[in-house]
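Turn these sequences into a full structure, and let the hints guide you.
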Amino acid sequence: MIWVYGICDRPDLPLPRRRGLAQAPLDSVRADALLAVISRHVHPPSEPALDSLWVHERVVERLMAERAVLPMRFGSKVDDDEALTAVLEVRQRAFLAALDRVRGRVELGVRVLRSSAGGNGSAVAAVPAVTPPATGRDYLLGKLQEGKRVDKTAAAIHDPLAALAVDSRRQPQRSADELLRASYLVERGGIARFRSAVDRLQTAHPDAAILCTGPWPTYSFVEDPTRLAATPGTPTIGAR
Amino acid sequence: MDSPADKLLNAPLDLDPFARDLRRLDDALTGRVRADPENVERGLAQLVLTIIELLRQIMERQAIRRVEAGGLDEATVERLGSTLMALESRMEELKQAFGIEDEELNLDLGPLGRLL
Numbered sequence: 001m002i003w004v005y006g007i008c009d010r011p012d013l014p015l016p017r018r019r020g021l022a023q024a025p026l027d028s029v030r031a032d033a034l035l036a037v038i039s040r041h042v043h044p045p046s047e048p049a050l051d052s053l054w055v056h057e058r059v060v061e062r063l064m065a066e067r068a069v070l071p072m073r074f075g076s077k078v079d080d081d082e083a084l085t086a087v088l089e090v091r092q093r094a095f096l097a098a099l100d101r102v103r104g105r106v107e108l109g110v111r112v113l114r115s116s117a118g119g120n121g122s123a124v125a126a127v128p129a130v131t132p133p134a135t136g137r138d139y140l141l142g143k144l145q146e147g148k149r150v151d152k153t154a155a156a157i158h159d160p161l162a163a164l165a166v167d168s169r170r171q172p173q174r175s176a177d178e179l180l181r182a183s184y185l186v187e188r189g190g191i192a193r194f195r196s197a198v199d200r201l202q203t204a205h206p207d208a209a210i211l212c213t214g215p216w217p218t219y220s221f222v223e224d225p226t227r228l229a230a231t232p233g234t235p236t237i238g239a240r
Numbered sequence: 001m002d003s004p005a006d007k008l009l010n011a012p013l014d015l016d017p018f019a020r021d022l023r024r025l026d027d028a029l030t031g032r033v034r035a036d037p038e039n040v041e042r043g044l045a046q047l048v049l050t051i052i053e054l055l056r057q058i059m060e061r062q063a064i065r066r067v068e069a070g071g072l073d074e075a076t077v078e079r080l081g082s083t084l085m086a087l088e089s090r091m092e093e094l095k096q097a098f099g100i101e102d103e104e105l106n107l108d109l110g111p112l113g114r115l116l
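Those protein sequence lines, which keep their order, are chains U and G. Take the first sequence: its position 183, counting from 1, is numbered 183 in our numbering, and each next residue is one higher. Take the second sequence: its position 88, counting from 1, is numbered 88 in our numbering, and each next residue is one higher.
Treat the hints as calculated values from the structure; they're not laboratory data. The beta carbon of each residue, even a glycine, is placed where N, CA and C say it ideally should be. Treat each hint with caution, since some may be false.
[As the list claims (entries may be wrong)] Reference listing, derived: stretches of chain G covered by chain U, where coverage requires no fewer than 3 residues with Cβ under 8 Å from a Cβ of chain U:
hint, region
1, 5 to 13
2, 50 to 64
3, 67 to 77
4, 90 to 100
Right, dumping it as structure tokens:
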């Protein structure tokens, strides 16, 4: 069983001397201009424990230090070398185009929660303190206005950040107090500028708590190889 | 050991609210159905309340959309609103009765993502 960390360019470069999951040595499978970095396992780690997630992550990050990488999600695996080579050959053009898109770029994650405290985001209220609406009409109009307020704040934070990014993806909010959850594809040299922008936005929005993380491999900007299998018979790398 | 701390570029002083997701991640990683006798009632309540909450949210969003679009008479808006308001407060009572937090009212649908 082959565990895939990422698909890279520069197959001429030596592999980093770093161990993969379960201390397995890193190996690679090459197809023309593409290189898949892998480790071989008899029994693959099936449970995504936190330390395994970090091992996978750090291998991908190490690869990113010297090449363009399409990061595979944790749990991406194929049966054998033939299957992997088939994926690389069949999807070569798409992978090369995707590599061009992420080369020299990183992903930054931003999450914004509604904060009840001013400025430092020291407390986040689950629900804003409001008096209960007197009528059904007030209830619905209140919800409507609340929704608009959230959309406005989210846009006020997202738009300037998206302007600094090559691309961005917004994910749906996961809780009532979450205002924004988004990923930004940023040039590696643009991280500092992005961070300053986040700082300015935090100052401008004391009612929100902004968390910015990264730099990450460009997970959100690489098509899921399991979805690349839209055409029947196309070989794929299966994620868990 | 590598730590995620070096991944924080900008962070508010209090990270706790953001850490709720870690608990969810932990639940997802170690997810087991709690079907032992002590937990089965609560587990079932959690499942049923999740489904009710899903329907409630869908109805509410639909109602808000219709109010926004206009064309509903005052009486209908009032009736819709008071029904949804009553449903919301009843949900709060049920959550309290079973000791269930908002974050627990969700289902992980695997590759489809989360229900709510």
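Given coverage of the region 67 to 77 of chain G by chain U, checked by CB-CB distance under 8 Å (3 or more) | holds (count 4)
Coverage of the region 5 to 13 of chain G by chain U (three or more Cβ within 8 Å) = holds (count 7)
Given coverage of the region 50 to 64 of chain G by chain U, tested with a Cβ cutoff of 8 Å and a minimum of 3 residues = Answer holds; 3 residues pass the 8 Å Cβ test.
Taking a Cβ-to-Cβ distance below 8 Å as contact, does the region 90 to 100 of chain G have at least three residues touching chain U?
-> With 0 residues close enough to chain U, the hint is violated.
Comparing the model with each earlier hint shows a violation of hint 4 alone; every other hint is respected.
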